[in-house]
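Enquirer: The chain contents come next:
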Amino acid sequence: MSTMADPYRLPVDPVGRFSPGWWAMVLVIATEAMFFVYLLFGYLYLDSLARGAWPPEGPPRLTLAAPNTVLLLASSGTTWWAEREITRGAIGRFRIGLLVTFILGASFLGIQGLEYARERFTPSSHAYGSLFFTITGFHAAHVAVGLLMLLVVQLRAAFGHFDARRHLAVANVTMYWHFVDAVWVVVFTTLYLLPNLG
Amino acid sequence: MTTGTTPVPLDERLTRLWRTAPGVYGVFATVDHKVIGRRYLVTSVVFLLLGGIEAALLRVQLATSGMRLLSPAMYDAVFTMHGLTMIFWYAAPVLSGFSNYLWPLMLGARDMACPRANALSYWTFLMSGIFLYTSVLLGQMPDAGWFAYAPLTGIAYSPGLRMDFYAIGLVFLGVSTTVGAVNFLVTIFRTRAPGMSLDRMPIFVWGTLTTSFAVLAATPALTVACAFLYLDRRAGTRFYDAAAGGSALLWQHLFWSFGHPWVYIVVLPAMGMISDLIPTFCRRPLVGYPFVALATVSTGILGFGVWVHHMFATGIPPVATSFFSAASMVITIPSAVAVFAWLATMWHGRPVLRTPMLFAAGFIVLFVIGGVSGVVTGSVAYDWQVTDTYFVVAHLHYVLIGINVFAVLAGFYYWFPKMTGRMLDERLGRVNFWLMFIGFGVGFFPMHTLGLAGMPRRIYSYHPGLGWEWQNLWVTIGSFVFALGIAAFLVNVVYSLRRGAEAGANPWDAPTLEWAVPSPPPPHNFERIPIVASRHPLWEERLSPDAPRTQLEGPALDAGRDTPGTTALDAEADEVLRMPEDTLWPFALALTLLVICYGLVAGRWWLAAAGAIGLAATIVGWFWPVRHQPSGAAT
Numbered sequence: 001m002s003t004m005a006d007p008y009r010l011p012v013d014p015v016g017r018f019s020p021g022w023w024a025m026v027l028v029i030a031t032e033a034m035f036f037v038y039l040l041f042g043y044l045y046l047d048s049l050a051r052g053a054w055p056p057e058g059p060p061r062l063t064l065a066a067p068n069t070v071l072l073l074a075s076s077g078t079t080w081w082a083e084r085e086i087t088r089g090a091i092g093r094f095r096i097g098l099l100v101t102f103i104l105g106a107s108f109l110g111i112q113g114l115e116y117a118r119e120r121f122t123p124s125s126h127a128y129g130s131l132f133f134t135i136t137g138f139h140a141a142h143v144a145v146g147l148l149m150l151l152v153v154q155l156r157a158a159f160g161h162f163d164a165r166r167h168l169a170v171a172n173v174t175m176y177w178h179f180v181d182a183v184w185v186v187v188f189t190t191l192y193l194l195p196n197l198g
Numbered sequence: 001m002t003t004g005t006t007p008v009p010l011d012e013r014l015t016r017l018w019r020t021a022p023g024v025y026g027v028f029a030t031v032d033h034k035v036i037g038r039r040y041l042v043t044s045v046v047f048l049l050l051g052g053i054e055a056a057l058l059r060v061q062l063a064t065s066g067m068r069l070l071s072p073a074m075y076d077a078v079f080t081m082h083g084l085t086m087i088f089w090y091a092a093p094v095l096s097g098f099s100n101y102l103w104p105l106m107l108g109a110r111d112m113a114c115p116r117a118n119a120l121s122y123w124t125f126l127m128s129g130i131f132l133y134t135s136v137l138l139g140q141m142p143d144a145g146w147f148a149y150a151p152l153t154g155i156a157y158s159p160g161l162r163m164d165f166y167a168i169g170l171v172f173l174g175v176s177t178t179v180g181a182v183n184f185l186v187t188i189f190r191t192r193a194p195g196m197s198l199d200r201m202p203i204f205v206w207g208t209l210t211t212s213f214a215v216l217a218a219t220p221a222l223t224v225a226c227a228f229l230y231l232d233r234r235a236g237t238r239f240y241d242a243a244a245g246g247s248a249l250l251w252q253h254l255f256w257s258f259g260h261p262w263v264y265i266v267v268l269p270a271m272g273m274i275s276d277l278i279p280t281f282c283r284r285p286l287v288g289y290p291f292v293a294l295a296t297v298s299t300g301i302l303g304f305g306v307w308v309h310h311m312f313a314t315g316i317p318p319v320a321t322s323f324f325s326a327a328s329m330v331i332t333i334p335s336a337v338a339v340f341a342w343l344a345t346m347w348h349g350r351p352v353l354r355t356p357m358l359f360a361a362g363f364i365v366l367f368v369i370g371g372v373s374g375v376v377t378g379s380v381a382y383d384w385q386v387t388d389t390y391f392v393v394a395h396l397h398y399v400l401i402g403i404n405v406f407a408v409l410a411g412f413y414y415w416f417p418k419m420t421g422r423m424l425d426e427r428l429g430r431v432n433f434w435l436m437f438i439g440f441g442v443g444f445f446p447m448h449t450l451g452l453a454g455m456p457r458r459i460y461s462y463h464p465g466l467g468w469e470w471q472n473l474w475v476t477i478g479s480f481v482f483a484l485g486i487a488a489f490l491v492n493v494v495y496s497l498r499r500g501a502e503a504g505a506n507p508w509d510a511p512t513l514e515w516a517v518p519s520p521p522p523p524h525n526f527e528r529i530p531i532v533a534s535r536h537p538l539w540e541e542r543l544s545p546d547a548p549r550t551q552l553e554g555p556a557l558d559a560g561r562d563t564p565g566t567t568a569l570d571a572e573a574d575e576v577l578r579m580p581e582d583t584l585w586p587f588a589l590a591l592t593l594l595v596i597c598y599g600l601v602a603g604r605w606w607l608a609a610a611g612a613i614g615l616a617a618t619i620v621g622w623f624w625p626v627r628h629q630p631s632g633a634a635t
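Those protein sequences? They're chains A and U, same order as listed. Numbered per my numbering, the first sequence spans residues 1 to 198. Numbered per my numbering, the second sequence spans residues 1 to 635.
A couple of the hints might just be wrong.
Label-pair ranges, simulated between beta-carbon atoms [stated by the list, open to error]: (1) U:G139 <-> A:F41: 33 to 39 angstroms; (2) U:G139 <-> A:G110: 43 to 49 angstroms; (3) A:A50 <-> U:L294: 54 to 60 angstroms; (4) U:I301 <-> A:L194: 49 to 55 angstroms; (5) U:V376 <-> A:L148: 51 to 57 angstroms; (6) U:L198 <-> A:A117: 51 to 57 angstroms; (7) U:S65 <-> A:L148: 42 to 48 angstroms; (8) A:A33 <-> U:T567: 24 to 30 angstroms; (9) A:A30 <-> U:L490: 36 to 42 angstroms; (10) A:G110 <-> U:D199: 51 to 57 angstroms; (11) U:L10 <-> A:R165: 27 to 33 angstroms; (12) A:G58 <-> U:L294: 49 to 55 angstroms; (13) U:A73 <-> A:A117: 43 to 49 angstroms.
Calculated from the structure, these hints are not laboratory results. Since we're looking at a predicted model, the values are computed, not measured. Yeah, the Cβ is synthetic: ideal placement off N, Cα and C, and Gly gets one too.
Produce the complete structure using the sequences and hints provided.
Expert: Below, the structure written as structure tokens:
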């Protein structure tokens, strides 16, 4: 406690794990994760009650979804790389990493839109259709929010807001982006892989 | 730190740094936890009164058979609004108000960890309430009960906008609750005073800590349930449509996965307030502090494993009902731990029967009765007998009024002097207590027997000759006596704000940190950061004269809006947090959410889209960094 006698030996307004913003992001992600848990509970519950085939039109095709998953996972890699570069102070590479992540994320949404257009059912066809479009739709909304965050971070980087030490917003956006990708792995496994295995 | 030849006194320098800007700007821009806490308290009491007026209408309608005050449809709307208002817009927010006001004072900090998020949680709370009550102006009040079972809530059975107001309003309020919970948790993790280790926190803080985790884990279930409902009604999805592979029970599972934890969310902080106030009035520390803290946490965890006991009568297999029945019984153990700790504290202490203590004692009586009527309905066989009868209505009112309202009144009488600098009047306080306690017993106890006599809940009237008349009359008389008690409280507040005795810093000779600062506290709370050495910083001299003392004269931290940042477990200082200044972003963000909600309920997609664009812009503005003033103290 002797440090408190001269408090200014302590860092003022620090970043990373010392910042309230970092903790707040962890907790927001925790409650968002629960949101997807309840969505998937809804899916599995109605699956368990289903009398006929589940999904009614047969298992979803993986032709688009599987490569799309690879795309999204790759974007986690690029965002990881971008964050590593900012901690080394390499702003230029960091911004390239962000840009590539953005392109990968946007492509994911585009391909998902393509898949939506090809589906043989709609959200109103049956409860499965409602679940399929709502769960993947909520995930897509999270990707869209992530894209918006990446844009803002890109803009702030252009204004010179970040350096090797101070980049809390980058850490938070990266954490959120990894979360969105991790959720997709669970959604993909539940909605796409399990019916194809069964 | 000081410049020039005539240094400004520390107190004044800190006040200049921390005070809210004057005028209209300050009203909308403040981030002071004490202002936000007071607003939370006042707003939730307004909702208590609205819900109370609705209750009065219901009780007049049921006072005797064949009353014609409310039509059947209006009766449905009024009891739904009563439940929604009381459970969602009063019971939890009022506790958030106490937490917001008291936490930094109890924990030795100058503000909550996320002051702007704090402002946001208040504005969204207020605006979601305005949104819900817009339905009254439009004559479109939700009318399917506060737990709104599918399929009655579907567009086929409930056309119009009623259940859209329900679904969107609850999601909107969920934003407020979630933001609040995040703020509480970060506050615990980062901004306790040095030395305020976990085992030195007041039990009230443990209560809100537990409920904040519960909020983060449970609220998404309600959000999902309401999103499904809204999509079913407005976008043609089939989640709750059994004919298309959906299920009405999906709603019940999601709703009660949220709903039962919510019960603990609205009682655990209230139990915590009682645990902190009983020691002051029994003149000794709480008996079994670690057990009460652990009981609080374990109740919160067990609360997630009992939701099916709301669904015993839905035809669920016996294996499931048996499991959830057993789990429900287990909850009695931590509850009993708390009750016996309170009794032991009173037994070993010297109780002083001032008004807060009267309410605390009344609280314990009602808690035990409500607990017993709860644990019996945890048994499947008994539940089948009384489900959907007035017995359940009796139980839930004993729990919600007994454990929430009585504790809240105790809290008001206890902390009002801290908030305003004046004591509430003791004589009026006693009148207040006895009116409420007697009114409650007269009004709500007969509901048990009415339920056993077979009176179903949610009936707008009943036939004469069923033997229910005189008991219903008792219920109505009792609830009006209870309402008189609430009126006495309001009179007391108005009277004491002007004429109340001066309180001083510590009128109750209480042990915790909030009583170390002046009443009402200055904008910066603590002139010097306390360094805490025990659970009872203000009783150390008497409890353990030889142990190290809490230092109330720690560092000043006066270079900016600064408060110490400390580690999560042991509260060792590891940084200085520079806190945000007044800002309009939280208010603006809440407004854009309100616009989105109106757009969604009216089906005006352009309006919702405009709100969403505004929302995105607001968030960008919020997080765009502000250059810190070099030092506000110099200006």
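Enquirer: Provide an ascending list of the numbers of those earlier hints which the structure does not satisfy.
Expert: Of the numbered hints given earlier, those the structure breaks are 3, 4 and 7, listed in rising order.
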